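Protein chains: 2
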Amino acid sequence: MAERITTRDKDFAQWFVDVIIQAKLADYSPVKGCMVIRPNGYSIWEKIRESLDGMFKETGHVNAYFPMFIPESFLKKEAEHVEGFAPECAVVTHGGGKKLEEPLIVRPTSETIINAMYSKWIQSYRDLPVLINQWANVVRWEMRTRLFLRTTEFLWQEGHTCHETEAEAREETLKMLGVYRKFAEEYMAIPVIYGIKTESEKFAGAVETYSIEMLMQDGKALQGGTSHLLGQNFAKPFNIKFQDRNGKEQYVWQTSWGVSTRLIGALIMVHSDDKGLVIPPRLAPIQCVIVPIFKKNADPGKIKDAAYKLKADLFQRSISVKIDDSEHQSPGFKFHTYEIEGVPVRVEIGPRDLESGTVTIARRDMDSKESVPMDKASDYIVSLMDTIQKDLFQKAKKYLEQNTKTVDSYDRFKKIVDDGGMFELFWCGGSDCEEKIKNDTKATVRCISTEYREEKGSCICCGKPANRRTHFAKAH
Amino acid sequence: MAERITTRDKDFAQWFVDVIIQAKLADYSPVKGCMVIRPNGYSIWEKIRESLDGMFKETGHVNAYFPMFIPESFLKKEAEHVEGFAPECAVVTHGGGKKLEEPLIVRPTSETIINAMYSKWIQSYRDLPVLINQWANVVRWEMRTRLFLRTTEFLWQEGHTCHETEAEAREETLKMLGVYRKFAEEYMAIPVIYGIKTESEKFAGAVETYSIEMLMQDGKALQGGTSHLLGQNFAKPFNIKFQDRNGKEQYVWQTSWGVSTRLIGALIMVHSDDKGLVIPPRLAPIQCVIVPIFKKNADPGKIKDAAYKLKADLFQRSISVKIDDSEHQSPGFKFHTYEIEGVPVRVEIGPRDLESGTVTIARRDMDSKESVPMDKASDYIVSLMDTIQKDLFQKAKKYLEQNTKTVDSYDRFKKIVDDGGMFELFWCGGSDCEEKIKNDTKATVRCISTEYREEKGSCICCGKPANRRTHFAKAH
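Those sequence lines, one after another, are chains A and B.
The opening residue of the first sequence carries number 1 in my numbering; numbering runs sequentially from there.
The opening residue of the second sequence carries number 1001 in my numbering; numbering runs sequentially from there.
Because the hints were derived from the structure by calculation, they are not lab data.
Being a predicted model, the structure only gives us computed values, none of them experimental.
Under the rule of at most 25 Å between Cα atoms (straight-line distance), these lysine-lysine pairs were calculated in the DSS-like manner:
no. : chain 1 : residue 1 : chain 2 : residue 2
1   : A       : K24       : B       : K1241
2   : A       : K334      : A       : K296
3   : A       : K309      : B       : K1057
4   : A       : K120      : B       : K1032
5   : A       : K99       : B       : K1032
6   : A       : K76       : B       : K1032
7   : B       : K1076     : A       : K98
8   : A       : K57       : B       : K1304
9   : A       : K57       : B       : K1311
10  : B       : K1077     : A       : K98
The following block holds chain A by itself, in its conformation from the complex (with noise of 0.2 Å):
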């Protein structure tokens, strides 16, 4: 038997650790700082990925893949980007048992080496837009790491376009977070605030970066992706020039953006309790298990054709399912694996069942256990998935809702902000308060919310007036 999961409340961060090991999403790797997924947590980043890469596909993007070497020269083309990112470098330094003539480096982002290829193969408007997007891993050297929220090399896709102008720059980084949004909602059943990323914590390179902030079950934030406006900032270096419809020589205008393996963190974090995993239908790999029940005196024949029939039935209608009909482990300790797991459903079927002509459906995101008729149980399960889909949703709009505070007083913010939450302050939009307040409490600026609502009130830090609230709150 497994060990026991610590509660959240106990400790929280004890829990996320405790729910990734015991559900083999994840382990540690002997390579500081770098974990392994696990097959159970790499099949939801194959659902992750291939929803994503769907929504990508039906937005006119493809997929190509770059050199994960960077030569050093190309990081330092870009005065901020380079200061950014040269302290998290991993350096190549030898290759085929001789002394690199110039270093390279393990990609962290792939901004210089893509744009170095955009300038060869740009020429006119005809070429334009440019929508590319890599599912890669990336390195980035984190002093302090955490397993699926902060390693040194985790999974990502970044999406790189270039376009002919700025109004269509900026279009598609806000098109790109309205995918990251629709995804998280509709798929990750987690509501999230989205809107602009403040000047110091923007992406070094960018010019506007934007990101969908979900809200962790411990009341800390945690940034699910970003998407940046890139402006002319890297076509300049890159020299990425195109010929415009009138004849003229143009910079492009690009943008990049990119969720990562932390999205699971991030599933694990809003939705999981503590048996373990809870994940929401549309990214489970397994979304239903059937578990048949031998016992003494009954016909194990016939409980396992109702199974197999039942598991048919759900193929059919693309439920994704497993029978567990081994017989070394005792029916409790299925249905204990199964929870730790996070399989939506289980279906239950015994000697009882077969004789009341039903099945037990438990639903992993409640207590309750019910019976359904046999005959009916297929359509039952095909639309219980898109309740427990809602259901989940809902769940974690209200704990959103419930612990997204409005506060006017700074001496009660700094008493409370450590309660967790999502924090509406009034906030004048200078960096000198922006610091002092995250100096004060740690808490930072998640993002200006593109959903503009008009308030008047002064800033809590410093008392100018402020036309409007901004999400604040600590962050994972």
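Starting from the structure of chain A, add chain B where the hints point.
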């Protein structure tokens, strides 16, 4: 208009590069030995990955992800392994601005890092078999690189499995060789010779290496994929032990197997022609392109309607289809582009077609055009995909048969070896003869075919008795 493609006759190596560059499959990068896989090439890799991944999952495998950095000491744990790979390693010596205590190797293959985890995960026979695959990038420092065939960084999949017995591990090794063979024949439309490698050609650290071998149009062979029986060579240094069914501690028995983006090189060199790329329909990202032909005095609306109706029909039938109704390029230019890019079927719909209620259908792999009634077009195209897939395989098979040569005189072999082809030679099995033949002719044992046909003869090199023929060829 694109530059001309060098003909195969004139310069096969240059033709290969021309096809890749002009079909926009890949490009040279500014990083020595690394290439960029452009969207047209990457979408073929996506088809390969999707198809193979399905076959791996059908045979019970799951995916996971392991760190790409390997501590130098790990690589050294298996003596032959480090000897084989050390000269090809890229070494990270600095991270986060500091010199690392122990250098990290960028994985050339992942046996060592994966086995370090397996020793932690495996305790009992109940944990076996472990059937894990990884899709990843790897790095092998190469002196002379060639697009797709041999690049410093490349994409691949690597399966790593553990079993209770040697027999099960051997079964797995051969099963995966079979999967590769099936994939090559049924998806890539490439016939293969398959069998065991000689001692000198086997994987560094394996007990036995099996491979599939393909014959390119220049008469050179290409190793398409390998499957290794590792025995307990890694289990011992990495201490991967399990308690067997009798309660005794034992080392696991292992396999590993992989194919890479090199397969795209094989696709090009087997099927393509002097006009550009030819891809078998099952791996073609776009299987059919519809080109409406607009002429003066004809209603463009009606032509477009017919084109979009056919597109919808084909989409319903799971054909991947594109309409090119852009107006700034001539039909001739479009035909040329899709010919270079290897779209298997082109449909033309012009005013005359509309009048006669037909469409014109052209096969990429042949010079012919056919007129087909509009209402039969989608049926025709669906079955044409199968026909093309089979025809390409038959053509490649015929080429392999016609270029497989039986030679019994060493002098004659030396004379004709440069004409290319697969040579079936009597060979005593001795490494001295193998080496002499390699030195004299540059031909190597491709593999000792698993399909054993006993024949009596004498070694072409030393004259000693040999009871079977072995496949030799010069290889890429």
